[in-house]
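Turn these sequences into a full structure, and let the hints guide you.
Line by line, the protein sequences are chains G, U, E and C. Each residue of the first sequence is one higher than the one before, starting from 52 at the first, in the working numbering. Each residue of the second sequence is one higher than the one before, starting from 52 at the first, in the working numbering. Each residue of the third sequence is one higher than the one before, starting from 52 at the first, in the working numbering. Each residue of the fourth sequence is one higher than the one before, starting from 52 at the first, in the working numbering.
Be aware that a few hints might be false.
Note that identical chains are pooled: a pair holds if it fits in a single copy or bridges any two copies.
List time: in silico DSS-like cross-link candidates among lysine-lysine, alpha-carbon distance up to 27 Å [what the hints assert, rightly or not]:
hint	residue 1	residue 2
1	Lys272	Lys248
2	Lys272	Lys58
3	Lys392	Lys248
4	Lys137	Lys366
5	Lys328	Lys366
6	Lys154	Lys308
7	Lys248	Lys374
8	Lys308	Lys392
9	Lys362	Lys154
10	Lys272	Lys392
11	Lys58	Lys366
12	Lys184	Lys137
13	Lys362	Lys58
14	Lys184	Lys366
15	Lys137	Lys58
16	Lys392	Lys297
17	Lys362	Lys272
18	Lys154	Lys392
19	Lys374	Lys392
20	Lys362	Lys374
21	Lys366	Lys392
22	Lys184	Lys392
23	Lys297	Lys308
24	Lys154	Lys248
25	Lys328	Lys184
26	Lys308	Lys328
No wet-lab data here; the hints were simulated from the structure.
Spelled out from the first residue to the last, the chains are:
There are 4 protein chains.
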Amino acid sequence: MMSSTIKVGIIGYGYMGQIRARNIQAHSAMELAGVSDPGRAAEIQSLNVPVYENWEDLVNSDIDAVIVCTPNFLIPEIAVYAMHRKRHVFCEKPPGRNYSDIKMIRDAELADPGVKLIFGFNHRHHPGITDAKAIIESGSLGGILTLRGVYGKGGGYDYHTSWRNNISVSGGGILLDQGIHMLDLFRYFVGDFVEIKGMRGITAFNIEVEDNSVVILRTAKGQLAQLHSSATSWKHLFRLEIGCEKGYAIISGLLSKTGSYGRETLVIGRRPSPNEKMAVGNPREETIYYDHDPSWDIEIGHFAECILENKPIEKGTSIDALKVMQIIDEVYQAPIVHMNK
Amino acid sequence: MMSSTIKVGIIGYGYMGQIRARNIQAHSAMELAGVSDPGRAAEIQSLNVPVYENWEDLVNSDIDAVIVCTPNFLIPEIAVYAMHRKRHVFCEKPPGRNYSDIKMIRDAELADPGVKLIFGFNHRHHPGITDAKAIIESGSLGGILTLRGVYGKGGGYDYHTSWRNNISVSGGGILLDQGIHMLDLFRYFVGDFVEIKGMRGITAFNIEVEDNSVVILRTAKGQLAQLHSSATSWKHLFRLEIGCEKGYAIISGLLSKTGSYGRETLVIGRRPSPNEKMAVGNPREETIYYDHDPSWDIEIGHFAECILENKPIEKGTSIDALKVMQIIDEVYQAPIVHMNK
Amino acid sequence: MMSSTIKVGIIGYGYMGQIRARNIQAHSAMELAGVSDPGRAAEIQSLNVPVYENWEDLVNSDIDAVIVCTPNFLIPEIAVYAMHRKRHVFCEKPPGRNYSDIKMIRDAELADPGVKLIFGFNHRHHPGITDAKAIIESGSLGGILTLRGVYGKGGGYDYHTSWRNNISVSGGGILLDQGIHMLDLFRYFVGDFVEIKGMRGITAFNIEVEDNSVVILRTAKGQLAQLHSSATSWKHLFRLEIGCEKGYAIISGLLSKTGSYGRETLVIGRRPSPNEKMAVGNPREETIYYDHDPSWDIEIGHFAECILENKPIEKGTSIDALKVMQIIDEVYQAPIVHMNK
Amino acid sequence: MMSSTIKVGIIGYGYMGQIRARNIQAHSAMELAGVSDPGRAAEIQSLNVPVYENWEDLVNSDIDAVIVCTPNFLIPEIAVYAMHRKRHVFCEKPPGRNYSDIKMIRDAELADPGVKLIFGFNHRHHPGITDAKAIIESGSLGGILTLRGVYGKGGGYDYHTSWRNNISVSGGGILLDQGIHMLDLFRYFVGDFVEIKGMRGITAFNIEVEDNSVVILRTAKGQLAQLHSSATSWKHLFRLEIGCEKGYAIISGLLSKTGSYGRETLVIGRRPSPNEKMAVGNPREETIYYDHDPSWDIEIGHFAECILENKPIEKGTSIDALKVMQIIDEVYQAPIVHMNK
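Written as structure tokens, this is what we have:
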């Protein structure tokens with residue numbers, strides 16, 4: 052039986068694992084019960100929690116849940132193993148290399164209905180996104196017509212050496228690593244797509260996965276969406292522009308540890324009314340500024356709450372993960388074209 | 052034989068015809084020799100030049116050149132007629148309803164090698180574009196990898212009544228009317244595309260042509276491009292982001308008579324060098340502001356110069372018009388999907 | 052007796068005179084009846100109205116009103132002369148070289164109560180200003196606490212040759228020529244000042260009047276204001292920040308013929324309420340964009356209306372002119388300090 | 052004799068004391084040897100260093116240096132006491148309540164030439180400031196003509212309860228607490244002022260010290276400067292605009308723990324050359340973005356280096372502190388005017 056404190060193990064103690072350790076320590080109903088990452092023993096030491104040489108031992112120790120923060124190719128095996136042992140599982144995104152990886156995880160979840168399985172799509176909890184969602188759901192902007200998303204980062208001079216660009220480890224390139232968040236947000240705002248066309252290319256780096264991908268999509272209702280996911284955006288860039296019948300919402304900038312995506316802001320504009328001739332093409336806009344990112348804590352909090360109260364996961368479900376991976380798999384049907392310089 | 056003053060007739064005296072009249076009057080080697088637009092006799096009166104009830108009479112009067120500023124469906128007939136009578140021809144864009152229209156004009160041009168035929172792609176002469184082009188051609192940003200263009204306007208409350216949205220008159224919707232400029236700029240920067248995928252929809256207006264179109268394209272070299280052309284952009288928007296190996300150029304805002312697209316600016320960013328760790332994701336940027344739009348005068352000047360010195364047209368050739376129309380025709384293969392509210 | 056069309060003469064046909072000619076021609080109840088500017092005969096010719104060699108003849112011709120667009124030193128004599136002959140008078144700003152100049156004009160007005168006298172403080176009619184005024188008067192921002200104004204231009208390489216910097220012609224430097232508008236706006240928002248401290252300097256140009264002035268002021272109520280008026284602002288700059296009890300209003304950019312001050316915008320921010328902890332220091336803001344400047348037409352319209360309906364002038368009165376000149380005279384008590392390089 | 056590790060005690064463990072503790076722990080040549088703050092025993096506990104009930108005991112323990120982070124009124128006594136005991140002293144700003152306080156500290160320093168005394172004017176080490184300083188010193192912008200500084204914060208709903216607004220504890224209001232940094236930066240860029248005029252008021256809060264102050268200043272050379280220091284700036288605001296002969300530098304935004312002042316940026320503009328007619332009033336600008344604030348560490352590093360290598364303090368000297376306090380004292384000659392609502 053579940054005590055009121057959730058004992059959590061973390062597998063993988065890189066960038067994300069370290070963020071998760073802090074989230075758990077900050078959560079009143081969670082306790083960090085062990086960490087496993089053979090390559091980072093020294094960093095883990097300072098946490099003052101049990102360290103496990105191999106992740107199976109951590110899973111089999113006295114814990115209630117695991118957070119899987121490993122490279123993509125390990126996620127399915129670990130998640131499946133843990134769920135079979137009745138551990139609740141939090142998978143960082145991208146949740147695997149491809150649709151089959153997620154399918155395997157999803158099947159394990161269905162086999163063990165008592166476990167909670169959540170995927171880390173933290174962008175849904177960013178303040179600019181949650182405010183935009185609330186405003187749109189209020190109906191004051193009318194229905195959504197179009198989505199335009201750009202998510203770009205500048206790959207560093209050692210970008211080609213990252214495991215994220217090793218196809219057997221990661222399963223894909225920038226679209227799977229970063230663009231997936233924007234696709235998940237698209238789904239968050241308009242649901243599923245019935246038509247998907249994409250292209251991808253290797254334009255600047257000596258790697259085997261795409262460093263740029265452009266995608267266009269349409270929902271059954273007829274809404275159009277467009278994504279550019281790029282690793283050659285020398286200026287870090289996050290911008291989601293949502294066009295509605297009576298106005299628009301633009302989220303740009305993204306709170307992050309380094310601040311490199313710029314201040315997160317939400318701009319709301321409303322289509323001028325028929326008698327505002329002067330404003331045609333220039334609606335007045337409202338801008339909201341955000342300096343504090345609660346997304347990581349909200350996400351962990353949602354996981355904890357669903358475990359403690361035995362409620363179904365609502366944001367970051369396996370269905371969300373499956374569906375977004377389906378989009379990526381579809382884009383990945385297109386060949387990767389190497390740029391010819 | 053050509054005198055040193057070019058006598059020009061204007062056919063169609065709407066928004067563009069009036070701009071062209073001013074351009075001609077401002078040009079020292081041109082003379083406005085007549086105007087024909089049966090529906091606007093009163094406005095033409097004030098010009099103090101001969102008025103022609105029908106355009107054939109104007110073409111057959113003592114003029115050297117005509118500027119065709121009519122709705123799209125009339126352009127081919129007039130242009131062909133005028134070239135057969137050895138008049139130089141300036142066609143406003145969009146230069147017809149479809150590829151066949153332009154092909155017909157192009158054939159007439161080939162049949163009369165003495166005439167100069169130019170198409171009005173004035174955006175190539177906007178200061179932000181010409182400066183970006185010069186900087187990129189200097190090589191300091193390296194080769195172009197990606198293009199991202201958005202061109203949007205907010206259709207007014209009477210948008211459904213415009214001839215631009217009557218398919219038999221215009222041949223298409225916002226992509227043909229406005230997006231065409233961005234596609235022409237794409238070609239200006241990277242040349243031809245070998246792969247084109249598009250979608251179009253009718254999302255907000257009660258019209259028979261698309262009010263939104265999203266397009267992705269790839270050149271033979273492997274460069275990727277992406278366009279969103281929209282008539283539901285309640286804020287007028289022009290933004291072209293050019294991603295290069297060593298930096299980027301962003302043209303945003305667009306000088307126009309009403310100012311509604313905002314001040315035209317060009318931003319140049321350069322990828323930080325390996326030793327600028329602090330700047331990763333945040334390159335320093337240079338911003339250039341433009342308050343004066345010389346594009347219309349440059350375009351007319353180019354036409355005049357090619358006529359007077361019997362030189363081939365360089366910008367806005369029939370090949371440019373054909374090729375951009377080919378792209379649009381390809382996108383127009385896709386069905387128009389009505390949004391289902 | 053006044054007919055329903057006001058016959059107007061313009062004295063001085065420089066930058067401002069030409070704007071005024073257009074305003075009059077655009078006004079249905081006004082008629083341009085003559086222009087006098089010996090140095091610009093050619094430009095006036097094209098207007099197709101009577102040209103007067105000397106301004107007295109124009110004043111004495113069959114006209115109802117004159118607009119005085121001459122250099123400052125001529126304004127008082129012309130205005131007084133015209134009022135004595137019962138002509139309504141529109142004086143461009145700055146309305147003279149100093150307080151005595153305005154006093155002389157004001158006395159002539161008092162002596163002829165039938166004439167309407169207006170001074171050209173068109174900034175009060177700019178859309179950003181009128182909207183800010185309306186919002187503040189609605190009370191939703193609470194009372195005004197502080198004003199911060201910057202008005203700057205970049206003097207050109209021939210700045211030292213301008214009559215505006217010849218003290219016997221102009222009476223003063225940038226504060227009198229441009230800063231006066233901001234001081235007039237200060238008065239428009241908070242009324243009179245009881246304490247005024249200023250400094251002025253000649254920092255960059257070889258001229259005899261100030262090219263920079265800084266001024267601080269206080270109203271009887273205790274509101275604080277601050278102005279920087281500069282001719283060494285290489286970027287043209289207009290910015291008025293109004294701090295209120297419950298928020299603020301910022302007008303920046305200024306619509307002008309050349310666009311060089313940037314798009315005019317009004318930003319309204321509201322102090323976060325006690326329960327909006329996250330927003331402390333970062334209130335959400337509303338931005339309004341303006342692309343059309345009606346100020347010149349409104350001003351001429353106000354003049355026309357007051358004449359036709361025999362109503363007192365409300366904006367741009369001689370009292371407004373006197374009071375703003377009093378502030379400048381007080382700042383001009385301070386010595387001009389030449390920068391020592 | 053000085054070992055190669057400097058043992059440091061911190062007196063006062065509020066906002067600044069906590070920042071300083073982190074700085075010291077991050078510095079390889081420093082060791083946190085004790086903290087004293089009777090009111091914050093619990094927070095200090097977690098540091099795992101000796102806690103002192105009273106600050107004298109900490110000063111007299113085996114330490115080399117103290118950092119004084121107490122409210123203003125305590126600083127002089129502690130600093131003087133510590134220097135008499137040969138402790139190096141780091142005083143947070145504002146370094147006292149008034150000129151006499153600093154004079155007392157300065158006298159103690161002169162009496163003990165072996166001790167290093169530094170004042171915490173960390174703004175000089177902000178990246179936007181240091182880059183601007185370097186660019187100006189390179190000479191490419193020419194000499195400085197004008198300075199315009201705004202430093203504003205929005206006092207919270209409990210602002211009247213802060214010790215910073217209790218005159219006997221703090222000695223002054225927002226000018227002394229926050230504006231002092233801008234005045235110090237003014238001095239950093241142009242040196243001393245020979246003419247100072249100021250006003251101050253209590254406009255919004257129920258406090259006994261100023262919540263707004265406006266100041267104008269002139270150097271002996273003739274440069275003009277202007278400051279607005281405000282506690283009623285509901286949007287947090289830091290902006291320093293430096294006008295030069297051949298261009299300008301604008302630092303706006305300020306890196307801080309909460310991010311509320313916005314991203315720190317430096318904009319450099321250059322006066323267009325005589326042949327760039329189109330750019331008059333709109334110079335191209337270079338923008339540099341900063342996301343990382345090294346100022347605290349640099350400052351502590353400078354202190355450590357001067358101690359270890361027995362070099363004189365260069366930035367944040369007692370002369371700097373004295374001179375900036377002299378300016379404030381001069382402004383404080385002006386009466387505080389309560390706004391009359």
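These are the hints, each one checked on the structure:
In this assembly of identical chains, the alpha carbons of Lys272 and Lys248 lie at most 27 Å apart whether taken from the same copy (17 Å) or from different copies (20 Å). Neither within a single protomer nor between protomers do Lys272 and Lys58 lie at most 27 Å apart by alpha-carbon distance, with minima of 44 Å and 54 Å respectively. Taking the closest pair of Cα atoms, Lys392 and Lys248 come within 27 Å of each other both inside a single copy (25 Å) and across two copies (23 Å). For a Cα distance limit of 27 Å, the shortest separation of Lys137 from Lys366 inside one copy, 21 Å, qualifies, whereas the shortest one across copies, 61 Å, does not.
With identical chains, the CA atoms of Lys328 and Lys366 are at most 27 Å apart between copies only, with a shortest distance of 26 Å across copies and 42 Å within one. With identical chains, the CA atoms of Lys154 and Lys308 are never at most 27 Å apart, being 32 Å at best within one copy and 42 Å at best between copies. Both within a single protomer and between protomers do Lys248 and Lys374 lie at most 27 Å apart by alpha-carbon distance, with minima of 16 Å and 23 Å respectively. With identical chains, the CA atoms of Lys308 and Lys392 are never at most 27 Å apart, being 36 Å at best within one copy and 40 Å at best between copies.
Proximity of Lys362 to Lys154 under the C-alpha cut-off of 27 Å is restricted to the intra-copy arrangement: shortest distance 22 Å within a copy versus 65 Å between copies. For the homomeric pair Lys272 and Lys392, the shortest alpha-carbon distance between copies (7 Å) is at most 27 Å, but the shortest distance inside one copy (41 Å) is not. Taking the shortest alpha-carbon separations for Lys58 and Lys366, only the intra-copy value of 22 Å comes in at or below 27 Å, while the best inter-copy value is 50 Å. Taking the closest pair of Cα atoms, Lys184 and Lys137 never come within 27 Å of each other, the shortest separation being 34 Å inside a single copy and 61 Å across copies.
Within a single copy, Lys362 and Lys58 get their C-alpha atoms as close as 18 Å, which meets the 27 Å cut-off; across copies the closest is 54 Å, which misses it. For a Cα distance limit of 27 Å, the shortest separation of Lys184 from Lys366 inside one copy, 13 Å, qualifies, whereas the shortest one across copies, 46 Å, does not. Taking the shortest Cα distances, Lys137 and Lys58 sit within 27 Å of each other inside one copy (13 Å), while across copies they are farther apart (52 Å). In the homo-oligomer, the alpha carbons of Lys392 and Lys297 lie at most 27 Å apart only across protomers (14 Å), although the nearest pairing inside one protomer, at 45 Å, exceeds that limit.
Proximity of Lys362 and Lys272 under a CA criterion of 27 Å is satisfied in neither setting, with 31 Å inside one chain copy and 52 Å between copies. Proximity of Lys154 to Lys392 under the C-alpha cut-off of 27 Å is found in neither arrangement, the shortest distances being 39 Å within a copy and 33 Å between copies. Taking the closest pair of Cα atoms, Lys374 and Lys392 come within 27 Å of each other only across two copies (23 Å); inside a single copy the shortest separation is 36 Å, beyond that limit. Proximity of Lys362 and Lys374 under a CA criterion of 27 Å is satisfied intra-copy only: 22 Å inside one chain copy versus 58 Å between copies.
Within a single copy, Lys366 and Lys392 get their C-alpha atoms only as close as 43 Å, which misses the 27 Å cut-off; across copies the closest is 26 Å, which meets it. Taking the closest pair of Cα atoms, Lys184 and Lys392 come within 27 Å of each other only across two copies (19 Å); inside a single copy the shortest separation is 43 Å, beyond that limit. For the identical chains of this complex, Lys297 and Lys308 are inter-copy neighbours only, at 26 Å across copies versus 35 Å inside a copy, given an alpha-carbon limit of 27 Å. Taking the shortest alpha-carbon separations for Lys154 and Lys248, only the intra-copy value of 23 Å comes in at or below 27 Å, while the best inter-copy value is 30 Å.
Taking CA atoms no more than 27 Å apart as the test, Lys328 paired with Lys184 passes between copies only; the shortest distance there is 21 Å, against 29 Å inside one copy. Proximity of Lys308 and Lys328 under a CA criterion of 27 Å is satisfied inter-copy only: 15 Å between copies versus 44 Å inside one chain copy.
Violated hints for the displayed structure, listed by number in ascending order: 2, 6, 8, 12, 17 and 18.
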